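Q: So the chains spell out like this:
There are 6 protein chains.
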Amino acid sequence: MRVGRRETFNCAHRLNNPAWSDEKNKEVFGKCNNNNYHGHNYVLETWVDGAIDPETGYVLDAKILKDIIRKHVTEPFDHRNLNLDVPDFKNLNPTAENIAVVIWNKLRAEIPNQFKLSIRLYETENNIVEYDGQ
Amino acid sequence: MRVGRRETFNCAHRLNNPAWSDEKNKEVFGKCNNNNYHGHNYVLETWVDGAIDPETGYVLDAKILKDIIRKHVTEPFDHRNLNLDVPDFKNLNPTAENIAVVIWNKLRAEIPNQFKLSIRLYETENNIVEYDGQ
Amino acid sequence: MRVGRRETFNCAHRLNNPAWSDEKNKEVFGKCNNNNYHGHNYVLETWVDGAIDPETGYVLDAKILKDIIRKHVTEPFDHRNLNLDVPDFKNLNPTAENIAVVIWNKLRAEIPNQFKLSIRLYETENNIVEYDGQ
Amino acid sequence: MRVGRRETFNCAHRLNNPAWSDEKNKEVFGKCNNNNYHGHNYVLETWVDGAIDPETGYVLDAKILKDIIRKHVTEPFDHRNLNLDVPDFKNLNPTAENIAVVIWNKLRAEIPNQFKLSIRLYETENNIVEYDGQ
Amino acid sequence: MRVGRRETFNCAHRLNNPAWSDEKNKEVFGKCNNNNYHGHNYVLETWVDGAIDPETGYVLDAKILKDIIRKHVTEPFDHRNLNLDVPDFKNLNPTAENIAVVIWNKLRAEIPNQFKLSIRLYETENNIVEYDGQ
Amino acid sequence: MRVGRRETFNCAHRLNNPAWSDEKNKEVFGKCNNNNYHGHNYVLETWVDGAIDPETGYVLDAKILKDIIRKHVTEPFDHRNLNLDVPDFKNLNPTAENIAVVIWNKLRAEIPNQFKLSIRLYETENNIVEYDGQ
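Chains as they are written, first to last, in our numbering: chain A, 53 to 186; chain B, 53 to 186; chain C, 53 to 186; chain D, 53 to 186; chain E, 53 to 186; chain F, 53 to 186.
Keep in mind that the hints are not guaranteed to be accurate.
Identical copies go unnamed one by one, so any copy, or any two together, can satisfy a pair.
As the list claims (entries may be wrong) - When the alpha-carbon atoms are kept at most 30 Å apart in a straight line, the in silico BS3-like pairs for lysine-lysine are as follows:
#, residue 1, residue 2
1, Lys-83, Lys-118
2, Lys-123, Lys-158
3, Lys-76, Lys-118
4, Lys-78, Lys-168
5, Lys-168, Lys-76
Hint data in this document are derived by calculation from the structure and do not stem from the laboratory. Predicted model, so just to flag it, every value in this text is computed and none were measured.
Could you build all of it, start to finish, from the sequences and the hints given here?
A: Listed below in structure tokens is the structure:
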């Protein structure tokens, strides 16, 4: 049984590899390399796999899941600049893939080990990533 | 090849464990424990896995799938109170997880065995469960 | 300039006219007349019309609008039975139309008079109402 | 007859009134005042009112409408920082309301005068504005 | 008070003006002029304006509205070729605008005169038209 | 890590098995057998599985993925009649399942072998298929 919870957050970001020249960055990242940042409404689905607790009928109470996500992801990320305001991206390019890895690691540390964890992250309605730790 | 069909139904329900005190129920289920019920527009995706029939080009005709879902799930559930009107929940707490198990069992009995079956159930746009019989 | 804010709430309800016989109620309201209630995920859009405040660039701060909606509509309605738990529907049939009138009146009392007010209420993805006080 | 066209663009922005103290800005704009910007996936609906041309069956060819929107709005706005990269917001706070006024003025200059023009702009799925020049 | 009902239908169509040369048609209608047709999932919203009936709490029962729409629009249009199978388009180019006029006229003939009528028709998620008889 | 890209295309099609009688085709395919075709707005999600490239932070640049999809799928399919204009369906019934197999094969030939590939195809909002080559 898998349980999913949807939350949203809004950030500025910029894609850039500091080891590359400006030309190379422009060529690879295009508009996403814009010096002054751009931004997205991110949609995060967090999925937890486990057995149903017969006493509650829940795998994991959505309120508990929501509180973990809000405390560890949406509070520190929402209305921030990922490159400048979120330490995890100080030396990590904030592509949707890398954001997903960072979020998964934060959530994995908080969600009890008996539950498998995977996430889906929408950067736009057309660009989506999924990560389950592998 | 997996084939999915989306159907909807609208129910009242209430979360409660009769073995617990009112205080414990209020504490665990919060607003979902409201004595007089609340309700949802449920969205059900039913997914069937199998080979394509070379004569039809279908895995399973969506009309057949739709008819099974309507007869065994949406007809008996739609515009009902899950706790009071649907016998499956007489002694089972109608969490999204338990509703998914009940629906999966009903559909599994009707869908030919050569097809794997899984379902996704949206309780709200933010709360989702998936079940494939395990 | 019109500004809209989307909020959601989940309720049980039942359509019934106590002045009619059971047969008449069943005939007119069909499945919506179910004795034990059914329910919906309501989606409410609240729209406010006015001039832009040159100091803030807002017509009305979405936070203020959100707080009014939550305090006067979603808090008292969410996870309730409209017929039994919300006094406004004690003698009023909770059709989408009547719910919209009740919500509009509650919001009108709270939103400053220089702003025109209208609402859109989705009962399901297929059934929608709009009301602007006329 | 009204014809609508949906387009999207993704920007960083920050809400701030330079005439105010930092404290006042923080108090009024909250998280939206973040120094390092945040961002959104904006969704723009452009609506044009007019008669059907009997030769084409169109009010205004969606391709023409799309080209005007892309050239004058989505190209100069997409993947930019509204405050720093878009001259229109050099001295104008980029609230959804002000963005809508700027877009409407740009489109009004390009769309033939026999057509009425209005726009709807989604900043998030919950915050929406509409503007028709009044 | 306005009441809206959403229904869908799926059609093939082709845009063409028989008074024009093939070159002119290709130039004006582009890909939509394809000889062998293309197709869409149309989404129709039908909106009815009127007073609430105090006995039912309805402006117009959504069941009645649904039955009118299905009988007069979705039944004759769904899974058809608009140009070849629907007589209304024998001499009328099936642009979204013209489809909206045809649908509005069909519905206007069936919906009691005390109700104002308007429709919104989505040809794709990006192309939308609205018509209210004017 | 899985990366998904959403694209859309609009086609006419007709379901028919030429080895069967007209009666049998009508019985099995119903409205989908309509002689003059009908059509859909197809939504295609393309999912690619692989490791994150540490230099870019991408699994596969969405621009590259988009260009492959547009060149090999949406360009040749969009605004066409699948039965008449797309050679792949000359002798293959264009059910959603068969369309998914054709698309998957086209994309598999273009996407580097180190990436696993799967697709999801929406024929309507209610009918969906998924295919990963097995």
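Q: Could you run down the list of hints and mark each one as holding or not?
A: Status of the hints after comparison with the structure:
Proximity of Lys-83 and Lys-118 under a CA criterion of 30 Å is satisfied inter-copy only: 15 Å between copies versus 33 Å inside one chain copy. Taking identical chains as interchangeable, the C-alpha atoms of Lys-123 and Lys-158 lie at most 30 Å apart only when both belong to the same chain, with a minimum of 10 Å there against 33 Å between chains. Proximity of Lys-76 and Lys-118 under a CA criterion of 30 Å is satisfied inter-copy only: 20 Å between copies versus 40 Å inside one chain copy. For the identical chains of this complex, Lys-78 and Lys-168 are inter-copy neighbours only, at 28 Å across copies versus 38 Å inside a copy, given an alpha-carbon limit of 30 Å.
For the homomeric pair Lys-168 and Lys-76, the shortest alpha-carbon distance between copies (28 Å) is at most 30 Å, but the shortest distance inside one copy (39 Å) is not.
In summary, the structure agrees with every hint in the numbered list given earlier.
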